[in-house]
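Following the hints, complete the assembly by docking chain B onto the known chain A.
Chains A and B, in that order, give the protein sequences. Per this note's numbering, numbering through the first sequence is continuous, rising by one, with the last residue being 404. Per this note's numbering, numbering through the second sequence is continuous, rising by one, with the last residue being 404.
Derived from the structure by calculation, the hints contain no laboratory data. It cannot be assumed that every hint is accurate.
Since the list gives no way to pick one copy over another, a pair counts as held whenever it fits inside one copy or between any two copies.
Here are the simulated DSS-like pairs of lysine-lysine, each with C-alpha atoms no more than 30 Å apart in a straight line [claimed, not checked]:
hint, residue 1, residue 2
1, K121, K324
2, K368, K167
3, K197, K32
4, K32, K305
5, K32, K368
6, K324, K32
7, K197, K365
8, K121, K317
9, K140, K200
Everything numeric in this text was worked out from a predicted model, so none of it was measured.
2 protein chains.
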Amino acid sequence: MINFSINKTAFLNNLRITKQAISSKVAIPTLSKIKIDVSNEGITLTGSNGQISIENFLSKNDENAGMLITESGSILLEASFFESIVTNLPEVSFDFKEIEQNQVVLTSGQSEITLKGLDVEMYPRLQEMPTENPLKIKAGVLKDIFSETAFAVSTQESRPILTGLHLTLTDNKILKSVATDSHRMSQRVMTLDKLSEDFDLVLPNKSVSSFKSVFTDDDNELDIFFSSNQILFRNETISFYTRLVEGNYPDTNRLIPSEADYTLNLTFDVSNLRHTMDRAKLLSNATTNGTVKLTVTADKVIATVNSPEVGSVHEEITPLAQNGEDLMISFNPQYLIDALKVIKEPEVRIRFISSVRPFTLVPTSDTLDFVQLITPVRTN
Amino acid sequence: MINFSINKTAFLNNLRITKQAISSKVAIPTLSKIKIDVSNEGITLTGSNGQISIENFLSKNDENAGMLITESGSILLEASFFESIVTNLPEVSFDFKEIEQNQVVLTSGQSEITLKGLDVEMYPRLQEMPTENPLKIKAGVLKDIFSETAFAVSTQESRPILTGLHLTLTDNKILKSVATDSHRMSQRVMTLDKLSEDFDLVLPNKSVSSFKSVFTDDDNELDIFFSSNQILFRNETISFYTRLVEGNYPDTNRLIPSEADYTLNLTFDVSNLRHTMDRAKLLSNATTNGTVKLTVTADKVIATVNSPEVGSVHEEITPLAQNGEDLMISFNPQYLIDALKVIKEPEVRIRFISSVRPFTLVPTSDTLDFVQLITPVRTN
Chain A
25 MINFSINKTA
35 FLNNLRITKQ
45 AISSKVAIPT
55 LSKIKIDVSN
65 EGITLTGSNG
75 QISIENFLSK
85 NDENAGMLIT
95 ESGSILLEAS
105 FFESIVTNLP
115 EVSFDFKEIE
125 QNQVVLTSGQ
135 SEITLKGLDV
145 EMYPRLQEMP
155 TENPLKIKAG
165 VLKDIFSETA
175 FAVSTQESRP
185 ILTGLHLTLT
195 DNKILKSVAT
205 DSHRMSQRVM
215 TLDKLSEDFD
225 LVLPNKSVSS
235 FKSVFTDDDN
245 ELDIFFSSNQ
255 ILFRNETISF
265 YTRLVEGNYP
275 DTNRLIPSEA
285 DYTLNLTFDV
295 SNLRHTMDRA
305 KLLSNATTNG
315 TVKLTVTADK
325 VIATVNSPEV
335 GSVHEEITPL
345 AQNGEDLMIS
355 FNPQYLIDAL
365 KVIKEPEVRI
375 RFISSVRPFT
385 LVPTSDTLDF
395 VQLITPVRTN
Chain B
25 MINFSINKTA
35 FLNNLRITKQ
45 AISSKVAIPT
55 LSKIKIDVSN
65 EGITLTGSNG
75 QISIENFLSK
85 NDENAGMLIT
95 ESGSILLEAS
105 FFESIVTNLP
115 EVSFDFKEIE
125 QNQVVLTSGQ
135 SEITLKGLDV
145 EMYPRLQEMP
155 TENPLKIKAG
165 VLKDIFSETA
175 FAVSTQESRP
185 ILTGLHLTLT
195 DNKILKSVAT
205 DSHRMSQRVM
215 TLDKLSEDFD
225 LVLPNKSVSS
235 FKSVFTDDDN
245 ELDIFFSSNQ
255 ILFRNETISF
265 YTRLVEGNYP
275 DTNRLIPSEA
285 DYTLNLTFDV
295 SNLRHTMDRA
305 KLLSNATTNG
315 TVKLTVTADK
325 VIATVNSPEV
335 GSVHEEITPL
345 AQNGEDLMIS
355 FNPQYLIDAL
365 KVIKEPEVRI
375 RFISSVRPFT
385 LVPTSDTLDF
395 VQLITPVRTN
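Same shape as in the complex, but just chain A (with noise of 0.2 Å):
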């Protein structure tokens, strides 16, 4: 019979953290519970909704918990609205005690709340993971290439393995992500300082999401191991588990053109060209391709769309650097807005072959660690 106090801020930290991985729409109802365990050393909350699962762990010797546990135990409880009614409760503390099998008070101040819960023996088990030799990596590194390349997964289901998010490991150093949907790529890629096993695997893009705001603190170290299906990622108080993509990704490498290959080779302002697509993109939304028209010739860089209906654009792009022939391109101006947003570098250096083949963006300061790749659209 459990019976603990703790402070509602400390508690409510931790109860949001795990309320990440669950769902109110899922197919099997225990999953839209929050599983509580108290035991001597703290509390564990436990969340999944069957892809994600987030194990948070709070120990009694947090400064900031607060907490006081006179009895341990286990419940299940519907997780949205045991939040709402923590959320509202009156004092900075709260008690939390079992009064008969499965149902718990919350007393606080002057109000006190019944809530009835479920035996947590109704909930799944979370799939065992090997914890040897991890893969260690900073938070913050995962976020930046998961955010440089993310945002190219694909959005149709018709392809699954499209819409997962690349990540390798080869040579015991070279850590690779990348991300297609078939209309663009982006791949980043970064030597490691420590040496681990290789691996290569597909992360669904929702667990990219998921990840990003369970671990807020860029500089923590996480611990990462892997097993055939599902991937865990942990530091001292967060277990954050996500099945991966099963399938084979294709081959991506062989998409980025030889250097040989390139007949222009343009520099541009970040920050100018992505505000001249933002208003192509407006004009280009409302013709049949939704595509702009760069016409580069020796002397200087127009942007075109023409609408019949709603009207047209016609920009001149100065470029910081020109080199090579003359091109006509046509291609969807949100792919390059996108491209864009994840260049953190003030320059980036876009090069062509022909108006049939994709173009490739790097930032200027990069050589070939990260890369973007753009299919233009034919028009007639």
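Relative to chain A, chain B alone:
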């Protein structure tokens, strides 16, 4: 053939105010347009959704506008699209030039955007209003009385008259605003400094919301004009027209109990009572009748909710003052929350007659200028 140049921010400010009247979901396609009239004195932007119309004048003498008018004229442009385009222009100012009939070019920096428009003859004419002997009142005063009452307006179309705010002037100076959805009522009365002609009208709730976002300066004195089916609020630059709800508003004065009927008188801290109701609501949402029960005895006031499935709330509330008989009464806690939200004073006086008669709320600092009424729910 219109031709002017203008500061982008100043133009956008006016455009956004006018756009409040424009809805993309209107049956008449021309109403998704904005009407631009350029005269030698300045630019008038007009928008309308058939119910609300806004005319907004930007004078060429406005210092912030940096306006230079070369040629006058009129055109209709697609409002949302035009706003997006102007928002995304690169420089602080832009040129607006009609190049052929109903076709304009916006030029800003190296960006040149051509837009197709329509002839202003296609735009519906705004109904003329008599503009003599205005009622004069500050925008902030109207916004206050609207906020204190409009939340109680009915959202049910079954009695259209109750979907509006009843606004009257009697004795040439007593301004009254009333709303009721037949479960609760809010009534605000104030005495104006200047005498005006009496009126009795019902303002649609949507117009009340738009009013608040159009007239942002609370100190701005407005001129108000009436016709049988329309009201016009006007300052130096903005004319805000709205159609009225047709029909006779029910007599709400008879709903307010007479002093002699009250049997119980309680004074509460507004914030404490509201938080108790917030918690009660979480549980009451899970019950069939959605109510909280207040049990008042000589020595305490208890709020309880009991949901057989989910749990229960039991909370003692300490009144600041209490006199009268014991009582047990049930009601929808949301109505009490809404009522407390609009009380700016720290304390509220609630007076009861019996468990089946409406109870009233007044701020303790007030007499009867601001009274709210909530109908209880009979439970067995």
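Against the structure, the hints:
In this assembly of identical chains, the alpha carbons of K121 and K324 lie at most 30 Å apart only when taken from different copies (25 Å versus 74 Å within one copy). When the C-alpha separation of K368 and K167 is checked against a cutoff of 30 Å, the pair qualifies only within one copy, where the shortest distance is 14 Å, while the shortest distance between copies is 45 Å. Proximity of K197 and K32 under a CA criterion of 30 Å is satisfied in neither setting, with 43 Å inside one chain copy and 52 Å between copies. With identical chains, the CA atoms of K32 and K305 are at most 30 Å apart between copies only, with a shortest distance of 20 Å across copies and 47 Å within one.
Within a single copy, K32 and K368 get their C-alpha atoms only as close as 39 Å, which misses the 30 Å cut-off; across copies the closest is 28 Å, which meets it. In this assembly of identical chains, the alpha carbons of K324 and K32 lie at most 30 Å apart only when taken from different copies (27 Å versus 62 Å within one copy). Proximity of K197 and K365 under a CA criterion of 30 Å is satisfied intra-copy only: 28 Å inside one chain copy versus 59 Å between copies. Proximity of K121 and K317 under a CA criterion of 30 Å is satisfied inter-copy only: 24 Å between copies versus 67 Å inside one chain copy.
In this assembly of identical chains, the alpha carbons of K140 and K200 never lie at most 30 Å apart, being 47 Å within a copy and 48 Å across copies at closest.
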